[in-house]
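2 protein chains.
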Amino acid sequence: MAKKSFPLSKVYCLLEPGPVVLVTTTRKGQANIMAMSWYTMMEFEPPTVGCIISNRNYTFDILKVTKECAINIPTVELAEKVVACGNTSGQGVDKFRTFGLTPAPASRVAAPLIAECYANLECAVMDTRMVNKYNFFILEVLKAWIDPSRKDPRTIHHLGRGAFMVAGEVIKLPSKMK
Amino acid sequence: MAKKSFPLSKVYCLLEPGPVVLVTTTRKGQANIMAMSWYTMMEFEPPTVGCIISNRNYTFDILKVTKECAINIPTVELAEKVVACGNTSGQGVDKFRTFGLTPAPASRVAAPLIAECYANLECAVMDTRMVNKYNFFILEVLKAWIDPSRKDPRTIHHLGRGAFMVAGEVIKLPSKMK
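Chains as they are written, first to last, in my numbering: chain A, 1345 to 1522; chain B, 1345 to 1522.
Hints are computed from structural coordinates only; laboratory data are not their basis.
Quantities reported herein were computed from a predicted structural model and do not represent experimental measurements.
Some clues are possibly wrong.
Any copy, or any two copies together, can satisfy a pair, since identical chains are not distinguished.
Claimed, not checked - Okay, derived cross-link-like pairs now, BS3-like style, lysine-lysine, Cα gap no bigger than 25 angstroms in a straight line:
#	residue 1	residue 2
1	K1372	K1520
2	K1520	K1425
3	K1408	K1487
4	K1477	K1408
5	K1477	K1411
6	K1477	K1522
7	K1516	K1425
8	K1354	K1477
Please put together the full structure from these sequences, using the hints given.
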């Protein structure tokens, strides 16, 4: 399914509910994938995302050097591959090939997008001042993509130790909140 | 229902899936409640939470002065009250009384807990260096409480403009992740 461009002003709608995401990076022709749940929106526009990427992860070293990544949002159909990515270090392993995921070119960053994910956010590191103390990177989303055919995507939300809550029904209330 | 103490080492299991939470504060005998979705776990132990609290919110001023708050986790039964809290400023309004929520004493902070929420986290502000630029507070969870009778709590997850995803089924996979 061809993805279409997604408005940057609505990126918060994708990340605010807290799905597990897959962070892709690349360096010297080798791409990597990391599962991540510890992140938050920080600003609506430009969409700004703060995230914890442990210095024990291979992605930490790549991100410090290349200063760019993509955030890919999987749904429950990909849950086993998400766990496989989380269980493995990318050092010396091609996770795309090993776990049967398809790299797709991004438009603004060198990191590949994951074709199977219903949404993809191309990101640049914009602030590293909290990296040394907290492993906390601040990213700006430069470009967003979405699969327009996916309504109410069944994202997965980590509850710890391999338990995931799968997104359920959607309710609407008269909120003035953005 | 009497709540029981909840291990600090498991607090991430409550916040990592990304539920909307209610932040309570108090100053000069007046308590306030704010709805919040922009936060992330930052460390397992002591449990550390980073959160965006806009300087347009009344809670921002209280938190800067008192340096403590509670994070209360509601379920879908409280969704209308959560939205009501989000739609209203606490300046001059007693949200507990107005919206029919019950304040309960905390053990480590002056901020009241919300009795109707299934879990409550008592927090102290531990780092304000990112407040001026990003409205980003870093909190340490000092004490956690949970209602032991609530299994698979149906938390709500904000999708923007009053749409909320309600927590669905739970699946288990052989993850090595904590």
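Intra- versus inter-subunit Cα pairing at 25 angstroms for K1408 with K1487: within (20 angstroms within a copy, 34 angstroms between copies)
Intra/inter-copy verdict for K1477 and K1411 if alpha-carbon distance must be at most 25 angstroms: both (18 angstroms within a copy, 21 angstroms between copies)
K1477 and K1408: within-copy, between-copy, both or neither at 25 angstroms Cα: both (14 angstroms within a copy, 22 angstroms between copies)
Status of K1477 relative to K1354 across identical chains (alpha carbons, at most 25 angstroms): between (31 angstroms within a copy, 22 angstroms between copies)
Intra- versus inter-copy proximity for K1425 and K1520 (alpha-carbon distance at most 25 angstroms): Intra 38 angstroms, inter 13 angstroms, cutoff 25 angstroms: inter-copy only.
Homomeric proximity label, K1372 with K1520: Cα distance no greater than 25 angstroms: neither (47 angstroms within a copy, 28 angstroms between copies)
K1477 and K1522: within-copy, between-copy, both or neither at 25 angstroms Cα: For K1477 and K1522, the Cα distance is within 25 angstroms only across copies (21 angstroms; inside one copy 32 angstroms).
Intra- versus inter-subunit Cα pairing at 25 angstroms for K1516 with K1425: between (32 angstroms within a copy, 13 angstroms between copies)
Consistency note: the structure conflicts with earlier hint 1 alone.
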